[in-house]
Amino acid sequence: MPETIAPCPDTTLATQAAAGDRAAFAALLNRHYDGLYRMAYRLCGHQQEAEDLTQDICIQLGQCIGQYRGEARFTTWLYRLVVNRAKDRWRQQKRRHTQPLYDDLILTDPAASPEQQAIDRDNLRQVTLLPEKLRLAVILVHWHGLNHAEAAKILKISEGTLSWRLHEARRRLRPSPAKGSDKL
Amino acid sequence: MIHQPTENAPEKPMADSIIPAADRQRRQRNIDLAMSAFDDSMKKNQIATQGSQNTRRLSIMEGWIAALRDWTKGNMTMERKYWMATVAVGALAAIAVPSVMMIQHPDFGRTGAKQSLDQSLIGASVQQQPAIEGKDRFSRDEEQRTINSIAAPEQKFDAPKEEAASRDKKQSITNEADASNFIAGNVVASSSVAIPAAPIQEMAVRRVDTVAKSASSPAAMLQIAPAVVDDTLVTGYQDFGRDQFRHIDQNPIRLVAEAPVSTFSIDVDTASYSFLRRQILQGVLPAKDAVRVEEMINYFPYDYPAPTNKEVPFEPTVAVYPSPWNPTNKLVHIGLKGHQIKEKNRTNLVFLLDVSGSMNSPDKLPLLKNALRLMVDNLSPDDRVAIVVYAGAAGTVLDSTTIKDKQKIIAALENLSAGGSTAGGEGIRRAYDLAKANFDANAVNRVILATDGDFNVGITDTEELKGFIERQRDSGIFLSVLGFGSGNYNDALMQTLAQNGNGVAAYIDTLSEARKVLVEEASSTLYPIAKDVKIQIEFNPDQVAEYRLIGYETRMLNRADFNNDKIDAGEIGAGHTVTALYEITPVGATAQMDELRYQTDHPVTKKPVKTSELAFLKLRYKLPNENKSRLIDRPIGPKDVKESLDQTSDDIRFAASVAGFGQILTGGQFTGNFNYDDVIKLAEKAKGIDSFGYRAEFVNLVRLAKQSAAIAPQP
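Chains as they are written, first to last, in this note's numbering: chain E, 3 to 186; chain P, 1477 to 2191.
Chain E on its own, in the form it takes in the complex:
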């Protein structure tokens, strides 16, 4: 069902950019660059890959902003691009039988204790081994911090489906009772 979107600066900027307003497009880019990069990083787990993906998306944005309609939030639209490209890369990696790279050292909170960090690292690695759909749900909601509504829209699924996937992911990651925390 079509939702009415209250005009917000993002949508206005994006619509203007779509109509050819260069300054609006530049403003939009600057505003969202970091978020875009961080999303890319969470999906790739590796700085070089994340930078590459960000570059691809920047170019794609330039080419496709003309098609932005204002029917969805700009961030929804943007993150869909990122998620889809990331999925392509995952598939390429799978085909070449390489594991997705995740920088070991960086992922965990340096302030935490070494044991905790080890546990966290293990959990994070497990997330990266989840099947694609579950993995995406976890990354969007728990890592990038999006709410269910937003994440569901990006993935083009219902909120119910999203909840189920999160639940299922949690279930699979649930450690044996002997282990410590079960952070996702």
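FYI, nobody ran anything at the bench for these hints, they're computed from the structure.
Please read all numbers here as calculations on a predicted model, not as lab measurements.
Note that CB positions come from ideal geometry on N, CA and C, so glycine has one too.
Be a bit skeptical, because a hint or two may be false.
Below, a sample of chain E positions facing chain P; criterion: calculated Cβ distance under 10 Å [stated by the list, open to error]:
no.: 1; residue: Gly22
no.: 2; residue: Arg40
no.: 3; residue: Gln57
no.: 4; residue: Ile61
no.: 5; residue: His146
no.: 6; residue: Gly147
Position chain P against the provided structure of chain E, taking the given hints into account.
Same frame as chain E, now just chain P:
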């Protein structure tokens, strides 16, 4: 940004503070890249709305005109009449609806404009209107009515308008820019390409003005359902410069003394010709790897005699005559004609259609839908059709339905819209499952895959895909592949799939080509009469010093493969003609290579059989339901030799002209000074009856090629 509180609620892992900061330099560079992509994309829209030359419209209009012209032509061979009678009604209906997507030109209905367009585009042969027999006759009135109905599309159009109307003005400007973008296509840059004919330019300008002024949404005009444009969208993205073709090393000249035997698989695909035709019509020469000379030659119908013996599916026609580009050499022409089937078998078809966002341009999904409609209109009540789509949301759009319920099929086709990224979905498995579920050993069971090259059909690994298709083929389900669009056209993969699936690969750039492949030649496309057809030829070193196979580089086989039934080869459909050409240097003529110095008693040349035969031709084939091959053979000897080109037939001379053109396009290493004008001279006089104007179109194509730029300019 609310975390759902549960017992497993995490502190935020991969928190912003933990992630390494984005590299400043790359950030700047990425933003610059984005801005310049933005500028390019906006500039393209601007250029389109200003109406400067845009050649893509050219090919759509041209193809459409060709379709119109084809209807009104008469004098067809026996086979064609059958199809034409049924095509007539179906085509009229089919053309009226999609016409909106092609022409909005207000002058179009007037004969004057049309004729001048014809003249500039198509050439003198169009002016003929030979007498048409019986019910195939189209009166001038009908033709005029058709043209008028096309010039006034509003009545015929049925795409939803509500959504379009509700957009505010600002949005509609965006839409028009996009629509022009769609029209402009993603292909050749406008400004640097010359268009040959002035009337076309005029039409182009006027056409775009009409677009810009028009109040109704151009997106609707293009018959793209508004719901289609997807937020994740791929349209307009990277759709140029990514055509993929398998690299071809041309067949070299071989010494008979070293390699007396040549073996290859036949090929009835026509994709290469359609593809290069499209490029040339846009004013660019095709990449060399895109040119497969055998497919160019085989694009055209030839009137080889059908087999006299009913037991065999085809009989070779052989001729040897002086080479047009090297008179001391000869060309050996081998033609096969598959017999026409009298009774069509039932068909069990599954259309597997790519409906991803990248299919969202007029020369792709809309064209595909119309093409399939044409095809469906020509099937019989007991034939079955199912439709599976793959894209973001893959699925069965239509379960296997008989043509008795044609409306259901047409409705399903019309509801297709492009959108979503080309993500998985077990499209291909589902398609084959459907084919299997309705498998009929007495029917033709075939999956027809239509795509622009994004092959995410559910199996992404090419080897796995090939293996899957091979296994299915062995169970009697064949695969044909239809290619659309350019700029992202994965020809290499399409060829592979079609070869592995015992199917045809065709490239569809216009409705007229769609009609050719799916209607006129439907019986060839659908009904195989022989599979795994291989040719092996042994040259007599006493008579022939050197030989060179023209084309078929991607079909070469090892000598031992000929007798090995496990080795897959091409299939021949009902009514198909296949032609292969060798250029040979007879013993005594000036040879390209020096004779061997150290092997005067070479095993091959030492004791040749004393005969005046030039070569021995062998053909192996399997009947569609069998697994053991059969053999046909015959010598090629003096009685096949014609002393001059004049003594050969139009078909043979025309085939030679096409071969000449193909070789020039790939560099002309072996054709000396033979140039475009020579091709034109040879082809012009070899047109014969040319009921559909394909040969005339070819001659004009060569003329255009002469003028074309060598490299496609990047937008």
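Here is what the structure says about each hint:
{"no.": "1", "hint": "Gly22", "verdict": "holds, 5 Å"}
{"no.": "2", "hint": "Arg40", "verdict": "holds, 6 Å"}
{"no.": "3", "hint": "Gln57", "verdict": "holds, 5 Å"}
{"no.": "4", "hint": "Ile61", "verdict": "holds, 5 Å"}
{"no.": "5", "hint": "His146", "verdict": "holds, 8 Å"}
{"no.": "6", "hint": "Gly147", "verdict": "holds, 5 Å"}
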